[in-house]
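Participant: Note that the protein sequences, when read in sequence, are chains A and B.
Residues 1 to 637, numbered by the working numbering, are exactly what the first sequence covers, in order.
Residues 1 to 115, numbered by the working numbering, are exactly what the second sequence covers, in order.
Worth flagging that the hints you see were computed from the coordinates, not collected in a lab.
In this text the structure is predicted, and so the values were computed from the model without any measurement.
Mixed in with the good hints, there may be bad ones.
As the list claims (entries may be wrong) - As a list, the in silico DSS-like pairs of lysine-lysine whose alpha-carbon atoms are at most 27 Å apart:
(1) B/K98 / A/K290
(2) A/K332 / B/K98
(3) A/K325 / B/K98
(4) A/K371 / A/K176
(5) A/K328 / B/K111
(6) A/K359 / A/K400
(7) A/K359 / A/K293
(8) A/K325 / B/K92
(9) A/K325 / A/K305
(10) A/K400 / B/K111
(11) A/K437 / B/K111
(12) A/K346 / B/K98
(13) A/K359 / A/K318
(14) B/K92 / A/K333
(15) B/K111 / A/K349
(16) A/K301 / A/K328
(17) A/K128 / A/K153
(18) A/K305 / A/K332
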Amino acid sequence: MAITSVGISIEPVILSVGTVVLLSLLILQVPGIVTGSRKKNIGFRLLSLGAVFYACYYIYWRYGFSLNRDALWFALPLVLAETYSILDTIFFALMMWKPAERRSPPPLSQATVDIFITTYNEPAELVKWTVEAANKILWPNKKVYILDDGNRKEFFDLAREYGCEIITRGEEWKGKPRHAKAGNVNNALLQTSGEFILILDADHLPEPYFIQRIIGYFRDERVAFVQTPQHFYNIPPGDPFGSDAPLFYGPILKGKDGWNSAFFCGTNAILRREALLELGIVEYVETSVKQGKRGLQVLNKWLRKKSNWSRISLQAYKILKSELKAVKRELKKGGPLEELYGRLLKVLKETGYFNLLPKEIVSAFDITRSKEAIPLLPISTLSVTEDMATSIKLHSRGWKSVYHPDILAQGLAPEDLKTALSQRLRWAQGTIQVLLKSNPLTVKGLTLAQRIQYFTTIYSYFSGFATLIFILSPIIFLFTGLAPVTSYSGEFLWRLIPFLLFNRIMFRYAARGTKVTRGEHYSVALFPVWIKAVVSVLSGRNPKFVVTAKERQSGRHYSAIRVQAFFILLSLASVLFCLYRIVTGGDVNHLGAGINIFWAGYNILHLFTIVRAAFYNPPADWEKPSPETIIRCRENR
Amino acid sequence: MTIKLDYKQLNPHRILIALEGRLTALNSQALKTDIHTLVEQGNREIIFDLSGVSFIDSSGLAVFISTLKMTRESGGWMKLSALPEMPASIFKLTLLDKVIDLYPDVDSAIKAVEE
Numbered sequence: 001m002a003i004t005s006v007g008i009s010i011e012p013v014i015l016s017v018g019t020v021v022l023l024s025l026l027i028l029q030v031p032g033i034v035t036g037s038r039k040k041n042i043g044f045r046l047l048s049l050g051a052v053f054y055a056c057y058y059i060y061w062r063y064g065f066s067l068n069r070d071a072l073w074f075a076l077p078l079v080l081a082e083t084y085s086i087l088d089t090i091f092f093a094l095m096m097w098k099p100a101e102r103r104s105p106p107p108l109s110q111a112t113v114d115i116f117i118t119t120y121n122e123p124a125e126l127v128k129w130t131v132e133a134a135n136k137i138l139w140p141n142k143k144v145y146i147l148d149d150g151n152r153k154e155f156f157d158l159a160r161e162y163g164c165e166i167i168t169r170g171e172e173w174k175g176k177p178r179h180a181k182a183g184n185v186n187n188a189l190l191q192t193s194g195e196f197i198l199i200l201d202a203d204h205l206p207e208p209y210f211i212q213r214i215i216g217y218f219r220d221e222r223v224a225f226v227q228t229p230q231h232f233y234n235i236p237p238g239d240p241f242g243s244d245a246p247l248f249y250g251p252i253l254k255g256k257d258g259w260n261s262a263f264f265c266g267t268n269a270i271l272r273r274e275a276l277l278e279l280g281i282v283e284y285v286e287t288s289v290k291q292g293k294r295g296l297q298v299l300n301k302w303l304r305k306k307s308n309w310s311r312i313s314l315q316a317y318k319i320l321k322s323e324l325k326a327v328k329r330e331l332k333k334g335g336p337l338e339e340l341y342g343r344l345l346k347v348l349k350e351t352g353y354f355n356l357l358p359k360e361i362v363s364a365f366d367i368t369r370s371k372e373a374i375p376l377l378p379i380s381t382l383s384v385t386e387d388m389a390t391s392i393k394l395h396s397r398g399w400k401s402v403y404h405p406d407i408l409a410q411g412l413a414p415e416d417l418k419t420a421l422s423q424r425l426r427w428a429q430g431t432i433q434v435l436l437k438s439n440p441l442t443v444k445g446l447t448l449a450q451r452i453q454y455f456t457t458i459y460s461y462f463s464g465f466a467t468l469i470f471i472l473s474p475i476i477f478l479f480t481g482l483a484p485v486t487s488y489s490g491e492f493l494w495r496l497i498p499f500l501l502f503n504r505i506m507f508r509y510a511a512r513g514t515k516v517t518r519g520e521h522y523s524v525a526l527f528p529v530w531i532k533a534v535v536s537v538l539s540g541r542n543p544k545f546v547v548t549a550k551e552r553q554s555g556r557h558y559s560a561i562r563v564q565a566f567f568i569l570l571s572l573a574s575v576l577f578c579l580y581r582i583v584t585g586g587d588v589n590h591l592g593a594g595i596n597i598f599w600a601g602y603n604i605l606h607l608f609t610i611v612r613a614a615f616y617n618p619p620a621d622w623e624k625p626s627p628e629t630i631i632r633c634r635e636n637r
Numbered sequence: 001m002t003i004k005l006d007y008k009q010l011n012p013h014r015i016l017i018a019l020e021g022r023l024t025a026l027n028s029q030a031l032k033t034d035i036h037t038l039v040e041q042g043n044r045e046i047i048f049d050l051s052g053v054s055f056i057d058s059s060g061l062a063v064f065i066s067t068l069k070m071t072r073e074s075g076g077w078m079k080l081s082a083l084p085e086m087p088a089s090i091f092k093l094t095l096l097d098k099v100i101d102l103y104p105d106v107d108s109a110i111k112a113v114e115e
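Full structure from sequences and hints, please.
Facilitator: Rendered as structure tokens:
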């Protein structure tokens, strides 16, 4: 079913143009295609245009001409999964269109910086090295604080020994929601005074020049935070658990930075106090208004209920109704809540309603946030990934962000598969929570580019469903001979291959200089984790913040790889079954079999990464560097 | 950079606090501690005279919100009055003027609470 123009088939033309462009890029030796920082991205833009063009060309053909209508139950999910991937390609191309290239500006010499080291259950023996490294930061106006959420005695001793401050939760937190790490930081924010805050996880050892390198970005008074990469010093050879994220902390964040959409990642970042507190105050106001409006609605509903009528006099009812009307009117005009709610509560008391009403109605008119320990929550408590939710809010208030790509701190990555997977699950769940509670597509104040960038990140966590379909498709074909396309032919290949080639080369070009293979394998192999995250959050189960273990958890973690092992075996069985049918002269479409065996092999290769990780033991001659080694090495530089 | 705090006892539970200077992150913690000490001493009703304040940042606003919470939880209240135009802009920017009453002068604040 060829598309023709004046009777000439244009497919070979498109194919040959694609081939020529690809060959020319290869001849020019990607990535050295064009030098010069601004022009550098021309190579990526050409490749991305090619990838998007061929992606559209392919999917148009898939929907219009190649769906196997006799097996729509199979064909439709596959084409939807392909559509997901194509949108992913388009989002990736947009993200990488104009990456920011940053160079440290001259430092802001007078800036005062509070260094927050957040800890909950990490041992003092580990945290002391972070404190030592923080003390060694070369900056005159700094104060180091240990934020110990565990309120442990040994941390008070540690603070004394290293001459730094310690902040723990006070009495006001008793019986109130603690909000995990976000609550810990918010608690300290309201007790300290530095203009800027450097946030470090308990295990992240900052470089002595951390502040010097990035404080200068705050010369621009609208910059709210500067994020730097997370880098780990304990990754064993080969990075078996895919902890290193050079693609994310390289091209992806640089790309997002180009659109003023870099995220705050929870650690290794400096934030402007003014921006955070402004956010906290605006959130306080919005919550008070929202809560009060909701309270008025519920109060009205309560008053309408016949069963409540007998409990109060008609006169009291009339007084309250007229006061309610007045309050609503004034609320619309923006009258101060303190006065309006005060008036309303006074009338409720005078009419005798106060003691009859359910507590939640009365507490809706409380502007002191008595349910919370502290009135301001600048670091968002909406999601277990408090960092992303906070970034969205800052951007929506018109603040700017910067991603500085130099490694300025080194920390600990999970040392076993189980811990690594639970960390990824929490990230994924938190990101999906952000979609539900602070949807970047609808939050007021974001630019279109920022909406797309945040959505791209959230969208990527839905990939588990597409991956499952991609894994199942070759298995179904190889076992049954049933094809999701009308035919496996040259037509199919010459549309698919240029798209795949362009896509791969675009991706590799964007990631130039970084090792991304392990990360790619994990993004496929973790499909059960991504699916679990989406399903658990969408079904209303609230994930809990879990501190990532800093030591290797003993035992083998086979249960974590059951699903992947099952699909590896199933894929292998389907390949062997199909080969058997070919050898025994069965009715098999050879091109279809070849294509599907290729995909089954591709899937097995990716899934196998995680199986290997479950059996992983560090080499006997590999010695994990200690935090002390890292600090002493720096001294000897 | 300091902010000057003066207070006058209006009755056993009520004080008028007059602030003077720039209220910023650099001095807001010290001010918060001073005010909280006053509340802990039984002064649960506070009227602020802000006529001498030339600048307030978000950390300064946080002091008022904390004080509001503390006084209310002690069974009292907090009123802000006589805020000059310049620092009043931060109340508008953060929409805090939608929550907290701002009285034009000390007398109107006193009158309001006595009513």
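Participant: Does each hint fit the structure? Answer for all of them.
Facilitator: So, going through the hints one by one against the coordinates:
1. B/K98 / A/K290: Cα-Cα ~12 Å, so holds.
2. A/K332 / B/K98: 11 Å, holds
3. A/K325 / B/K98: 18 Å, holds
4. A/K371 / A/K176: Judged against 27 Å, a Cα distance of about 7 Å means the pair holds.
5. A/K328 / B/K111: Roughly 25 Å separates the two Cα atoms, so the pair holds.
6. A/K359 / A/K400: Between A/K359 and A/K400 the Cα gap is close to 41 Å, so the pair fails against 27 Å, i.e. violated.
7. A/K359 / A/K293: 16 Å, holds
8. A/K325 / B/K92: 26 Å, holds
9. A/K325 / A/K305: 18 Å, holds
10. A/K400 / B/K111: 44 Å, violated
11. A/K437 / B/K111: Since the Cα atoms of A/K437 and B/K111 sit roughly 43 Å apart, the hinted pair is violated (cutoff 27 Å).
12. A/K346 / B/K98: Distance of about 20 Å is within 27 Å: holds.
13. A/K359 / A/K318: Holds. A/K359 to A/K318 sits at ~22 Å (cutoff 27 Å).
14. B/K92 / A/K333: 14 Å, holds
15. B/K111 / A/K349: 22 Å, holds
16. A/K301 / A/K328: 15 Å, holds
17. A/K128 / A/K153: 14 Å, holds
18. A/K305 / A/K332: Holds: A/K305 and A/K332 sit about 25 Å apart, inside 27 Å.
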